Amino acid sequence: MSAESPLLAIVGNPNSGKTTIFNLLTGLRQKVGNYPGVTVEKKIGECYSQHGKKLRLIDLPGAYSLNARSPDEAVLRDVLLGRRADTPRPDRVVFIADAANLERNLYLLTQVLELGLPTVLVLNMMDIAEAKEWRIDVKKLAEELGVPVVPMQATSGTGFLELKAAISREDIPLPRWQSAPLPEEIRAALQTTRAELLLTGAVHDKTTLLEPLYLLSDHDPLHAGIKDTHLGQIQRGRDTLNAAYPGWEDELVAARYVEIEKVTAEVLKRPEQELPTLTQKLDAFLLHPIFGGITVLTFLVFLFYLIFKVAEGPMDWIDAGFGSLGAWVSELMPPGDLRDLIVEGAIAGVGGVVIFLPQILILFFFIGLMEDTGYMARLAFILDRLMSVVGLNGKAFIPFLSSYACAIPGVMATRTIDSPKDRLITILIAPLASCSARIPVYVLLISAFMPDTVSTLAKASIMVGLYALGTLGAFFFAWVLNKGVMRGSNAPMILEMPSYKMPALRSILLLVWQRARAFLVRAGTVIFGISILIWAASTYPKNHALNDQAAVIEQRITALEASADIAQVDAAKAELALVKSQHLAQSIAGRAGHLIEPAIKPLGYDWKIGIGLIGSFAAREVFVNTMSVVYAVQAEDDDLTPVRDRLRQEKRVDGSLVYTPLVCISLLVFYVFAMQCVSTMAIVKRETGSWGWMWFQLGFMTGTAYLLALGVYQIGSALGY
Amino acid sequence: MHAFSTLAQLPVGQSGFIQSMPIGRVGLTRLRELGLTPGAKVTMVRRAPLGEPIEITVRGSHLAMRNHEAADIAISLT
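Protein chains in written order, with this note's numbering: chain A, 38 to 758; chain B, 92 to 169.
One or more hints might be untrue.
Claimed, not checked - Straight-line distance between alpha carbons at most 27 angstroms, and here's what the computed DSSO-like set of lysine-lysine pairs gives: (1) Lys318/A / Lys299/A; (2) Lys132/B / Lys318/A; (3) Lys538/A / Lys318/A; (4) Lys132/B / Lys722/A; (5) Lys538/A / Lys520/A; (6) Lys201/A / Lys538/A; (7) Lys90/A / Lys201/A; (8) Lys579/A / Lys132/B; (9) Lys638/A / Lys688/A; (10) Lys458/A / Lys169/A; (11) Lys132/B / Lys91/A; (12) Lys79/A / Lys458/A; (13) Lys177/A / Lys346/A; (14) Lys306/A / Lys132/B; (15) Lys132/B / Lys638/A; (16) Lys688/A / Lys610/A; (17) Lys176/A / Lys346/A; (18) Lys722/A / Lys80/A.
Said to hold, decoys possible - Partial pick of chain A residues on the chain B-facing surface, computed with a CB cut under 7 angstroms: (19) Gln87; (20) Gly89; (21) Gly99; (22) Phe418; (23) Pro529.
Read the hints as simulated data drawn from the structure, not as lab findings. Given the structure is predicted, the values throughout are model-derived calculations rather than measurements. Don't be surprised by glycine CBs; every beta carbon is placed ideally from N, CA and C.
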């Protein structure tokens, strides 16, 4: 059984080519999930040894140190120490080191070697090390550390067979490496802590001093992997040690580097001055004060163009595809509730999710490409200063920018931000960027209140204003969340600038596929449910008199269409729309519209707009559709004119217009700020791992929308508009 | 006899040796773990177009950080 096959952990620094090697070894035989309770990706796969024996592989998160600074690093520490109930302690370790950055990589490696697991060291990116004219004595290194060493170049597959041979060995030796002993004071303190932690079961009884050591030096702000009940105890242990031995952590780091320097002096020969490698030459251009900025700008415009324009085609096909699927099912099934449920609830609902797939695929392909080549770090480097104005860092830029297309890929893209606090803030503000689903609503309302005589330019500038408003809102809330709401100091922005390398297309496509699947599964199930709910709310309770009336008119339309009497058909269609509108008014959604009317009246809205707002909860663009049903406008695909004309005529009981410019602006402001997208909420829940943040986001966004729309309408009314 | 004393002030293209850093600060401990320990040689590679962050190289790796952190790192030329 597979449970008995050995578990090999792939461990290494970020940018060491870890995942590329994991993919090389497992191919598509891998499963991606999450470690329970944290938003850290868990990748498990299988491969076969040279002798045909099954090996299990786990791609552990990239880390710089076992002194955890983030949930990623905490997961690595906990898996290697056997502290996670959901993941067995690995039997062997395959450590991937960047040969061109050997000294720094030895820091984590020596920490890992001390844990006493049989380890194979892979020296990846040997080509880059050679280009830098670094001479690495592989044999000597293997002797110094007491582990097998495999030089490799993962992007071209060089050394892969040797790696396979090395991990196929069943008798991988235990590493001989030993660091200098801990200073006596630290050792004594750790022994006390260990005894105390043993009492509460925070560590297991066979543990060495390393487990208490790494628990005391845990600086992960989320304390992933440490039970709340043990936190106080660990904090006390740290305080005691800090008081007795100030700067003990810094001293241990320095001591480790002294040991590492001894090793590198033996095995590594490098030129006195750093040679100008390809990376340095590229950076001279790509990070140039002027050309670098131009490159970033060109790149972003291109990305935006792809997401907005090129994705449009496939999105239309998906839309049309689900449309014809619905039509086909309609013809196949007898009329009735079940047919309506499937066509209008299920198919339309799933279609509404799948339509975002092209944008997600394009975005993640580009993110994968940027991460893999090393350009992502450069982008963050150039944009960091801009983002720091509102307290974010450069890595938040791409997720935020993506959110202008759709907040879902934007929120998913925040996984590249390593500071948990920055990541959370970016997730919380991302949906304030005006996404493409808001465009139909903006267009409809702008054209409703602006006479046709007004120039397109004026309309466009209102549109730009709405985008600017959302952006300012996002920056404002980023600033507020950063300063006030969120506890914990900002982790300093430290960015590694890896060497450029050729992208591994296979790994990128795999990443795109994994992200797309995560999106379809999570957003798909939730929005599927909500779509059915909203469909049901606008369908039930049934009014049989109205339904019978509608059926009669539908038959008449079919008959009239045969006779090709266009005027009569139009009249009958108008009649049908009216009946449907009456039916909606008495449905649960219609009643809910009445119910919330007192709350939205101060914003200038009536109960019919209320129905639109409720319908928009699943997805904003539903507003246009709902309003055309509410106002009994014959639905025409992609043509807003009939709805717009109807909005312009809509009057209150007292004869005044409903859609005054003021009401339209109030509505627009509401749509800029309100959280009305169940798919995004589902993804936020998934990515923050918490219902709390999802509700918080819904609350602060919709609350702001309400207050600002209220302000617009009340102040506008008071001023006489 | 030099016009600069912290990493943040090191001119582009110049190298220096880390003299001292404050102890017991989480962010600086991470920089130490990345190789910026007292005695290590650092070279200022460039500043970002907007003046920040800075890119430095230490022990063969390239790192970017903001002036805020770099200003805490004392540098000497020898």
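Verification of the hints:
Straight-line distance between C-alpha atoms of Lys318/A and Lys299/A comes to about 31 angstroms, which puts the hinted pair past the 27 angstroms bound. Straight-line distance between C-alpha atoms of Lys132/B and Lys318/A comes to about 22 angstroms, which keeps the hinted pair within the 27 angstroms bound. Our distance criterion of 27 angstroms between C-alpha atoms is met by Lys538/A and Lys318/A, whose separation comes to about 13 angstroms. Proximity of Lys132/B to Lys722/A is assessed by CA-CA distance (about 45 angstroms); at most 27 angstroms being required, the pair is judged violated.
For the proposed pair Lys538/A and Lys520/A, the alpha carbon gap of about 38 angstroms is over 27 angstroms, so the pair is violated. For a cut-off of 27 angstroms, the pair hint linking Lys201/A to Lys538/A stands: about 23 angstroms separates their Cα positions. In summary, the hint linking Lys90/A to Lys201/A is supported, as the alpha carbons are separated by about 12 angstroms, within the 27 angstroms threshold. Distance hint between Lys579/A and Lys132/B is unfulfilled; the C-alpha atoms sit about 78 angstroms from each other, more than 27 angstroms.
Restraint check for Lys638/A and Lys688/A: the C-alpha separation of about 15 angstroms stays at or below 27 angstroms, so the hint holds. For the given pair, Lys458/A sits about 37 angstroms from Lys169/A by alpha-carbon distance, which is inconsistent with the 27 angstroms threshold. Only pairs whose Cα atoms come within 27 angstroms are accepted, and Lys132/B paired with Lys91/A is rejected, the gap being roughly 46 angstroms. For the hint linking Lys79/A to Lys458/A, the alpha-carbon distance of about 21 angstroms falls within 27 angstroms, and the restraint holds.
For the hint pairing Lys177/A with Lys346/A, the CA-to-CA distance comes to about 56 angstroms; that exceeds 27 angstroms, so the pair is violated. Distance check on the hinted pair: Lys306/A and Lys132/B sit about 16 angstroms apart at the alpha-carbon level, within 27 angstroms; holds. Of the supplied pair hints, the one linking Lys132/B and Lys638/A is violated, its CA atoms being roughly 68 angstroms apart against a limit of 27 angstroms. Proximity of Lys688/A to Lys610/A is assessed by CA-CA distance (about 22 angstroms); at most 27 angstroms being required, the pair is judged to hold.
Between Lys176/A and Lys346/A the alpha-carbon distance is near 55 angstroms, which puts this suggested pair outside the 27 angstroms criterion. Distance hint between Lys722/A and Lys80/A is fulfilled; the C-alpha atoms sit about 21 angstroms from each other, no more than 27 angstroms. The interface hint given for Gln87/A is broken, as the beta carbon of that residue sits about 34 angstroms from the closest beta carbon of chain B, more than 7 angstroms. Below 7 angstroms, beta-carbon pairs count as interface contacts, and Gly89/A has none with chain B, the closest being about 40 angstroms; its hint is therefore violated.
At about 14 angstroms, the closest approach between the beta carbon of Gly99/A and any beta carbon in chain B exceeds 7 angstroms, and the interface hint on this residue is violated. Nearest Cβ of chain B to the Cβ of Phe418/A: about 5 angstroms, under the 7 angstroms cut. The hint holds. Because the closest C-beta pair between Pro529/A and chain B is about 4 angstroms apart, less than 7 angstroms, the hint holds.
Of the numbered hints listed earlier, those contradicted by the structure are 1, 4, 5, 8, 10, 11, 13, 15, 17, 19, 20 and 21.
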